[in-house]
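Q: In case you want the letters, here they are:
Number of protein chains: 2
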Amino acid sequence: MSSIKSLDREEPNYFGAGPALLPTSVLQEAAYDLIKYEQSTVGIGEISHRSKPAIKVIDDTKSNLIKLLDIPDTHEVFFMQGGGTTGFSSIVYNLIGNYAKRNNGKIGKAAYAITGSWSKKSAQEAQRLGFNVDIVVDTKDLKYGDIPPYSQWKSISKDTAYLYVCDNETVHGIEYKDIPTSDYLPEGVELVADMSSNILSKKVDVSKYGVIFAGAQKNIGIAGLTIYIIKKSLIEQPTDDELKSYGIPLVPIAFHFPTVIANNSAYNTIPIFACHILKLVTAKLLENGGIKQIQAIDEEKSKILYEALSKYPTFYHLPVTNPKYRSNMNVVFTLPKELEDKFIKESTEKNLIGLKGHRSVGGMRASIYNAVSLDSVKKLVEFVNEFATNNA
Amino acid sequence: MSSIKSLDREEPNYFGAGPALLPTSVLQEAAYDLIKYEQSTVGIGEISHRSKPAIKVIDDTKSNLIKLLDIPDTHEVFFMQGGGTTGFSSIVYNLIGNYAKRNNGKIGKAAYAITGSWSKKSAQEAQRLGFNVDIVVDTKDLKYGDIPPYSQWKSISKDTAYLYVCDNETVHGIEYKDIPTSDYLPEGVELVADMSSNILSKKVDVSKYGVIFAGAQKNIGIAGLTIYIIKKSLIEQPTDDELKSYGIPLVPIAFHFPTVIANNSAYNTIPIFACHILKLVTAKLLENGGIKQIQAIDEEKSKILYEALSKYPTFYHLPVTNPKYRSNMNVVFTLPKELEDKFIKESTEKNLIGLKGHRSVGGMRASIYNAVSLDSVKKLVEFVNEFATNNA
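From first to last, the protein sequence lines are chains U and V. So in our numbering, the last spot in the first sequence is 1023, and the numbers never skip. So in our numbering, the last spot in the second sequence is 1023, and the numbers never skip.
Any copy will do: because identical chains look the same in the list, a pair fits if it lies in one copy or spans two.
Under the rule of at most 25 Å between Cα atoms (straight-line distance), these lysine to any residue pairs were calculated in the SDA-like manner:
hint, residue 1, residue 2
1, Lys875, Ile892
2, Lys737, Gln758
3, Lys875, Phe762
4, Lys732, Gln758
Everything labelled a hint here was simulated from the structure, so no lab data went into it.
Using the sequences and the hints, build the whole thing.
A: Here it is in C-alpha cells:
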C-alpha cells in the first residue's frame, strides 16, 4: 500500500470556508498517530477517552490555548462535541440558568446583535427554545455591510444576562474590530462571542468576555469539537428542580456546563482524534511565535487581497462597505454575474480552489485562515489582478 | 518524516471497550485520505460538508448500512454528532413530540427497561428533562446479571410513546437475545434500542424497531458520530408553537430529527472524517461477506472465551448469571481481587491490552468487537487458561 500512496501533497492553494485547510505537517503527524499512538499498541482514535494518554491530549490542548490566548485564571477552558450550532444552543440554556442562580431565580433576558447569518441563527434559536430575546441591533438593512457604533444600538436593560455577538461572520465576511465597553454594556451583562471562524487569528483580551466559543473546523481543526472559554463565575447552575420551578428549560446533559467541566470535557466520549488535531495545530502556532506572529501574517494576507480587489472598484465589489469591519478571515467579493463561472473556472485551472461564495449570498469568498499561506494569497492576488485586467 | 515513521503496525490484541479497535487497513486508508482525498487538493477533513465528495461519503455510508442491515424502505438512516448520551437525550424529545403530533397534542409516556448502567442513564435523563417516565423493569436487584421474561415486566399502558432498551450494556456485559413481541408491547408503542456497542455484530429485524441508534466509537468507527435508523412515520414533529402549547420542551435545533433529515445529515457540520471511517468500516464488512459472516465469527469468539472462563467456576466469576444473556461483545468477569493486578500485569506482558473492567464495576472486561480477530481471542483464551492453572 505504502509503495503506491504517500503522505505527501503539493501545498494546496485552498480558500474553502470550512471545514478548511490545515497545516500539512499536522495532518501527517495525525495520520501516523491514527495507526499507532506513542507507546500504545493502537491509534489515537482507538483509546479510551478516560485513559492517561487521552487525558493528556485534552490537558495539553487546554494548556496550549491558555498560553496562546493568555487566558487568565478567572476563566475555564473546556470542549464539547458539535460546532457553532450546538454552541449557540447550549449557551443560552447555561447562561440563563446561571443568571437565575445568581439572581434568586430571576429569568434574565438574552441580548443579540445581528450582523450576519450566524448571529441571526443564534438569536432565532434562543427565541425558538423559548428564551426572552432582545435584538439590540440588526444590520439587515445595511445588507450586513457595516456595523453601526454602539451608541446607536438599542440600550441594554440591566435584567439582561448577556450580549451575544458573532465576532466574525463567515458568510458575510464582516468582523468586529472593537468590543463594547462599559459605555454601552451595563455592569453585570456578560459579553458572549462566537469566534468559530477567527479564533487564534488575533490577540483577544479574554478577561472582557463572559464566554468565547469556537467550532474547531474553520481556523484550527477538523469538524466535531468546539472550544469554550468561560468566566468561572458563570459556570454554576441551579439544581434541575430549581430550574423547573423557575420555568427555565433544561439543557441536554452532554451540554450542561458544570457536568462537562467537572469531568474534564470527558463526561461523554470526547472525539479524541479531533482534539488531538487541535493540540497539534495549537502546538505548531506556539512553536511559530504564537498569536502575535500569526496575526501579523493574517493581517498582511487580508491587506494585500483587499488592496488588489479595491484597485478595480467598477469590476470587483466589496459588500462590506465599511473597510474597518472587513474580515481578516473571509474576504467576500462579487464581480459581474456573467463572469462568475469564468472566474471559478480559470482560478481552478491555476489550482486556486474553493473561491465560490456561500450559496445564500452568492459571489466569491476567499477564506484565508491561519493555515492559508501568504504565498497562496499572493497567487490569488496575482489572479485577481490578471482577471480584472483581462475582463474589465 | 516517512523515513522514520510508518503506517504499519503489529496487529494489536486489544480489548478496550470504546473508543475501540478498528481494522488496520481502514485506518491506513483513512490516514492517506486525511492528507489528500481522491481528486481534491486537500484531505477529507478539510472539505466542505456540503461539497459533492462529502455528500457522497454520507450517501455511501447510508447505502452500506442499508445493505448490511437490510433496512426496509419504511425506515430512514441519518447521522448526528455525539454518541450515546446525545442520542438518548435527543430521542426522548423527538419521540414524545412525534407522539403528540399523531395524538392531537397528547403527551405520551416513555417506558424504560433498566438492565445496566446505560439504560439507567437514559431513563434518568428523560426524567431530568421533565418527561413522564415509566420504569417497566429494573434488574438492579439481580445485579444486572439476568433479564426476567417480559411476562414479569410491568405492563405498558397504551398512552406510551415508546419502550427504550439498551440492547447491549457495555459496562455490565448483558445483551438481549430476543425482543418484546405483541404479547408484551401494545400496538402503537414503538421499540427504541441503543445498539451503540453491538450494532453490525448480528442480524437485526429493523422493521420491528421504531428507532435504533448507535454511537460509532465502539464497534464501527471513531468517536463523534451517531447512527440513527428511524421508522419514517416517527420523524414528523409538531411546529415549535404547537410544542410550546402542549408543554413539551424543544430539542436544540441540531438534534431536531426533521431538520437533520431534510438536510441529509448536514444541517450543521457533520464530522466528515468520522463519517468517512464509518464508510470504510461498513464497506469492508460488505466485502467480507456482510453481517452473516461477522456474526458467525463474533459468536465463535464469545463462545470460546465464555467456555474458557466457565472451566474454572471457582476462580473466574461471570456476573451475568444467565448464560443466555451474556454479551457477545463485552465479556465481563471477575477473579480473586488480590490477583487482579497480577492478571493485568501478566496479560499486558503478553500484549493482551485493555482488559480492565469499567471503573464503576471493577473486575475484568474483554471487549471483543468486530475488529478484534478470532486469533486475538484465542490468545486471550490461552492466557485465561494459563492464569487459572497457575493461580487457582
